[in-house]
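Trainee: Chains as they are written, first to last, in the numbering used here: chain A, 16 to 192; chain B, 5 to 749; chain C, 326 to 638.
Rather than coming from a laboratory, the hints here were simulated on the basis of the structure.
It is possible that part of the hints are untrue.
[To be verified] Below are the SDA-like pairs computed for lysine to any residue, each with C-alpha atoms no more than 20 Å apart in a straight line:
| id | chain 1 | residue 1 | chain 2 | residue 2 |
| --- | --- | --- | --- | --- |
| 1 | A | LYS176 | A | ARG82 |
| 2 | C | LYS327 | B | ASN659 |
| 3 | B | LYS704 | A | LYS25 |
| 4 | B | LYS650 | A | ALA57 |
| 5 | C | LYS409 | A | PRO123 |
| 6 | A | LYS174 | B | GLY238 |
| 7 | B | LYS73 | A | ILE45 |
| 8 | C | LYS409 | A | HIS122 |
| 9 | C | LYS420 | A | ARG82 |
| 10 | B | LYS68 | A | LEU63 |
| 11 | A | LYS25 | C | GLU328 |
| 12 | B | LYS650 | C | PHE403 |
| 13 | B | LYS108 | B | ASP81 |
| 14 | C | LYS327 | A | GLU54 |
| 15 | B | LYS524 | B | ALA135 |
| 16 | B | LYS123 | B | ARG113 |
| 17 | B | LYS650 | A | LEU63 |
| 18 | B | LYS123 | B | ASN509 |
| 19 | B | LYS603 | B | LEU591 |
| 20 | A | LYS25 | B | ASN659 |
| 21 | A | LYS152 | B | ALA135 |
| 22 | A | LYS25 | C | LYS327 |
| 23 | A | LYS102 | C | PHE403 |
| 24 | A | LYS103 | C | ILE419 |
| 25 | C | LYS327 | B | PRO649 |
| 26 | B | LYS256 | A | LEU63 |
| 27 | B | LYS650 | C | LYS327 |
| 28 | A | LYS103 | C | LYS409 |
| 29 | B | LYS262 | A | THR59 |
| 30 | C | LYS409 | A | PHE91 |
| 31 | C | LYS420 | A | HIS90 |
[What the hints assert, rightly or not] Ranges of calculated distance between the beta carbons of each label pair, as one might list FRET restraints:
| id | chain 1 | residue 1 | chain 2 | residue 2 | range |
| --- | --- | --- | --- | --- | --- |
| 32 | A | ILE45 | B | GLY708 | 16 to 22 Å |
| 33 | A | ILE45 | B | ASP669 | 46 to 52 Å |
| 34 | C | TRP349 | A | SER92 | 31 to 37 Å |
| 35 | A | ILE45 | C | GLN422 | 30 to 36 Å |
| 36 | B | GLU129 | A | SER92 | 17 to 23 Å |
| 37 | A | THR59 | B | THR114 | 56 to 62 Å |
| 38 | A | GLY58 | B | TRP655 | 53 to 59 Å |
| 39 | A | GLY58 | B | ASP669 | 31 to 37 Å |
| 40 | A | ASP93 | B | ASP538 | 35 to 41 Å |
Even for Gly, the Cβ is constructed at its ideal location relative to N, Cα and C.
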Amino acid sequence: MRYAMAVDTKKCVGCSDCVVACQTENNVPIGYCREWVVEVMAGTYPQLEMEIRSERCNHCVNAPCVRCCPTGASHFSDGGIVLVDPKKCIGCGACIASCPYDARYPHPDGHVDKCTFCIHRIKNGLEPACASVCPTKCIYFGDMDDPNSNVSVVLKKRKFKTLIPEAGTDPQLYFLI
Amino acid sequence: MTNRRQFIKITAFGAGALAIGSGAYKAMAGFSSTTEAAKLTVNLTRTPTYCEVCFWKCAGWVYKNDEGKIWKIIGNDDDQHCNGRFCPRGTGGVGMYFDEDRLKTPLIRTSERGKQIFKQASWDEALTYIATKMKDIASKHGPESMALFTHGSGSSYFSTLLKAYGSANVAEPSYAQCRGPRDEAFMATFGEEAYSPEITDIRDTKCLVLIGSHIGENMHNGQVQEMSDAIDKGATIITVDPRFSTAAGKSKYWLPIKPSTDIALLLAWIHEIINQEYYDKKYVEKYCSGFDQLKEHVKDYTPEWAYGITTIAPDQIRKTAKEMANAAPAVIVHPGRHVTWYGDDTQRIRAVAILNALLGSWGRRGGFYRPSKQAVPSSEHPEFPTPAKTWSDAFPGKYSVASTPVSNALIDASIPENNPGFAIKGWIVNGTNLVNTIPNQANTLKAIQNLDLMVAIDTMPMEITGWADVILPECTYLERYDNLRVSPHRKPAIALRMPATEPLNETKPGYWIARELSKKLGLEAFFPFEKQEDFLDWQLKKIGSSLEEMIRIGVKTFEREADDLYFANDEAIEFPTDSGKIELYSLAFEQAGFDPMPKYIAHEEPPAGFYRLIYGRAPMHTFSRTANNPNLTDLMDENTVWINPKVAKEWGIVNDQYIWLKNQDEIISEFSIKVRITERIRWDSIYMVHGFGHAQKQMKRCFGRGASDTQLITKVLTDPLMGGTGMRGNFVTFITEKTEQEVAS
Amino acid sequence: MKEEIFVSGRMNHLVDPHLNIWHWEIPLYLFLGGLAAGILFFAALYFINGKEDQYPTAVKRTPILAPILLIIGLLALFFDLRHKLYFWQLYTHIKLQSPMSWGAWTLMVITPVSFIWSALYIREFFPNWDWKYNWIKEVEKFLQQYKKVIAWIMLIYAVILGIYTGILLSAFNARPLWNTSILGPLFLASGLSAGAAVTLIMSKSPEERKRFAQIDLIIIGIELFLIIHMFMGFLASTQVQIDAANLFLGGPYTMAFWIFVVILGMLLPAALEIMELRKFHIPAIVPAILVLFGSLMLRFIFVNAGQMSRWLY
Ligand SMILES: Nc1nc2c(c(=O)[nH]1)N[C@H]1C(S)=C(S)[C@@H](COP(=O)(O)OP(=O)(O)OC[C@H]3O[C@@H](n4cnc5c(=O)[nH]c(N)nc54)[C@H](O)[C@@H]3O)O[C@H]1N2
Ligand SMILES: Nc1nc2c(c(=O)[nH]1)N[C@H]1C(S)=C(S)[C@@H](COP(=O)(O)OP(=O)(O)OC[C@H]3O[C@@H](n4cnc5c(=O)[nH]c(N)nc54)[C@H](O)[C@@H]3O)O[C@H]1N2
Ligand code: SF4
Ligand code: SF4
Ligand code: SF4
Ligand code: SF4
Ligand code: SF4
Ligand SMILES: [Mo]
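Using the sequences and the accompanying hints, generate a full structural model.
Mentor: The structure is reproduced here in structure tokens:
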């Protein structure tokens, strides 16, 4: 099993519903976030192009955050989901420094926190909160090993990219372009 | 444990646990189904609601956590408005409840108006005060001298109250500041309005034309969802906007129009569609009247003519006209919603309506569907007294096309210098922040200063409440029952809102407030039900449902009486217009003394060194109402002023710099605003999101964050047909440093 | 024009607009670790070489500082942890791929070793010292026999510790400025140079001082060489690395780096030491303190600037 997510930049409107849904679902404290939205715009008026991306942890296959964690708090869970165990985390910040995507943040309770792919939901047969709320239905989630999963199907159909592939992290957050 | 018990209490009405469990089960489609799902959800409590963060009114569920505290709000899968997905504002609606700056108790002003010195009062005290003043006004000036400004769910209770009292002056800002021109233009053309939610069949369209409708930023949920569906299906999107809106970024054609020139573009499209015989001949012949006059009227409005006005190249105009024609009748030239721009707005939307008629999209799949609405009985009460005068007597002859009271006309009627036919002496303001909602703030404040009574009913200490004599704190939508949501849609449906939790502090539901006040005025006969839930149960039982059922399901969708979502082939239709036809040539407008067909009139242009002020929505906020919402300020905590790089360079302005804006009437924004230098805006305009720059200190999170567009909209381009307040005729320049004197002014 | 903005989220000042999770604690920890490594390295080296009596300060006296420095360093690290009560988790796991982990374990080894080393010499400085308990005396006697083994352990671990202070940063591929293999040797060199400087300050023997001044000069030479190579490497690499180098070549850290680290921390002390070796009278403490200062600044600047450098995407 290999969980992955794909975000359709052609449909994402940058509304940030995913961000606030993540916040309420996962009790992310105000002032912090597990995901965020980026807008990239290029050109000169009126020849313009825009890409909007909803971003979060890439659940990298080759995750530097897991590698550099001195206590094993950062670890791989089912389906390659990268998790932090708050009871093991000493809050050293190494994993934060190691993530090329700045996907982690120090939780005010001391431990480090990040996107969990809503593992508590997917274990219960639900979609991640961000995917289930997105009004444009532009977030696809599923098992890459299952050729019929949402994510496999859409990645077969569409062109896509990942972020900073040259960092060698093998990210599992895909962007449909 | 309380949690569990509460849950059982709620589900005791029926097989709630099972129903909720299976609801979650449905959401699992595509995932391995485990019994865990049922367990997860059953351990929680959820109550139905429909969202009050904007007027799309999506139905959803409020979930509470193990401690019984409100946790999250999720869309109801069965709701056509949201299809189980709320927008960011709805999802962040929890912040409305948790905002610690909320109004907590009734307040009575103890100082002169404008100075915000209030004393806490009991409900009885506050309502007695209001009733005494209202009786006073009725005896001195007649009850028609009271006006109600209202927006949102509470409107019906306070409107009942005011009508019972003897006044028909009930105005909503959603008319003259919003969609009034559109409603009148569509009424004049099709005999029917475009409704809310709009009856645009976007999900099945092949071509969507957005004229300043920035769907995606304008986060009206169903439309955003359907636009996304349309993108998936490969529909062509044509966006006309001087700004590279988010929708423009998704469009095949973006027409970067010079602001205020849309009518020229629309006329050129009409010209092209008629001249190239792209129009739906059968449809026009069967359903429309006035085609020959129209053809004659637009004969000179060539794309070349429009090019000089709009800066849109003729071939772009031709190509896009062709795209529309190819898609017809599955094409939507979107009617827009906030359309009060330049004062000729009813005529502009008329052009939109005409274009749709020519393309045959009205009543067709992928165009405009025919809505259906569930009939629900209203409670029986004595007949309302007939007011001696109504709002239209204040300025006879003005705004004769308006079908509902015009908020700004009522405001003007409150200022004695305007010599209104009769004067307004008292206001009840419910759920609208008039100070930031109506342009020309000075005028609004002057009107308030002349009142004998000013009551504000709100959830937050907003600018408007600062001016009230009495402030009544309503609880949020998460803490109350309200009337059923009964809106037109593809299928008739109703939705229930019930409290997820007890109201905080001394806050009360609108129904309770209106009824208690009615008692003090001796009008309780108009509120026969003591509790709103009793009314709802009575009402629901009349249509074969019950409160118990609705608590369980939240939304009930009915079947249409007939399979008539779209016109049938060759269906004979009598349109509810004067002529019974779709009027390309409006007899009603002609009769009222207005142009029966739209004309292009040039508008004033910004003087040197000034830029047109245009404004719009950010997807994560609703006007001013969300500005202090902790969850939503977390997404966006101030607005920025968008400036084209060329302009910024000329001014030596850099990104993230804070500047002030000054308009043509020397009004300087009270607060500074952060600069965003971006190619997304034209060089002759600046853009900002409406709803920021709050001057109310009690709202700690948003006070002084960003600038208020309303403050800079001092020049109002009033629509002579229906009184709409065109707000885009204002020009601003930049102030990079504020001098002492300017600070004082 | 290209515009890239965060529409929402990421308003956390610890992560945006650039990383800001490490403040004074980590650079201080790295400096003290490097300094202790330098001190212990020379102590072990000259003991193994049998030059205990030739360079008594380096072998016997300065190491007394090492455990103190290491403890302060560890305290600084502890301060930095945001989940302090879980500190012990560091020592219930061995994570070979985590520099933090092997740093913690290195310190676990070298700190007691440095204590032992100091303890073995304590009676030389305080002749009246009494260990009070007999068993301690027994242990001391036992350890005295294995001094050479201890010295070897200390030598190896000092090098590991010295390199570790650099690798801790260079292991972060995510921060282009840190992600250079030169950082390990550079920080090791800087630690050695600082260690030598402490001996310079504390030593009363002219011969020893001369030796350490020479050592320092050589190390400074190596450091300058490494720095030049580091920049050449950056500039010949990808845009992100060029951007990283530009933090020091015109960017916000230019002044701080070139003035505090290179001029005041390397060139000036080197010049002073050359003058002293040429018999000009320069108080040895001046270049030594400059070296220590430069070494400290190097850590502060690299930790801070590294947090500013990031991938573009
Ligand atoms: N400058 C400018 N002016 C505009 C617009 C613009 O874009 N720019 N847009 C126009 C448009 S399209 C519209 S529709 C109008 C909207 O105008 P309004 O409806 O006035 O908009 P808001 O500013 O959100 O004000 C709503 C008020 O209701 C309060 N409120 C929220 N929830 C409740 C509740 O449950 N009960 C009660 N009693 N009060 C509640 C809020 O605290 C706030 O004070 O504004 C119009 N005016
Ligand atoms: N997130 C969010 N969504 C909302 C609301 C909200 O407060 N927040 N409010 C809701 C309400 S009540 C309404 S009425 C709607 C309003 O939403 P719309 O009807 O879509 O919005 P407008 O404010 O009319 O249009 C704003 C757009 O018009 C463009 N524009 C400015 N001048 C011109 C011009 O001269 N010509 C053309 N063609 N375009 C121009 C602006 O650049 C901007 O993109 O939004 C609704 N949706
Ligand atoms: S909710 Fe969907 S459309 Fe909105 S920002 Fe997130 S991914 Fe984009
Ligand atoms: S994105 Fe960052 S936090 Fe997530 S797995 Fe990759 S390196 Fe770790
Ligand atoms: S902060 Fe926590 S999760 Fe991150 S590396 Fe340190 S111990 Fe591991
Ligand atoms: S998957 Fe869950 S935790 Fe991750 S960003 Fe989406 S909502 Fe947040
Ligand atoms: S569109 Fe958003 S804010 Fe409006 S009612 Fe629906 S969920 Fe609420
Ligand atoms: Mo509106």
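Trainee: For a quick check of understanding: which of the numbered hints are violated here, in increasing order?
Mentor: Checked against the structure, the hints that fail are numbers 1, 3, 10, 12, 13, 20, 21, 30, 33, 36, 38, 40, while the rest are satisfied.
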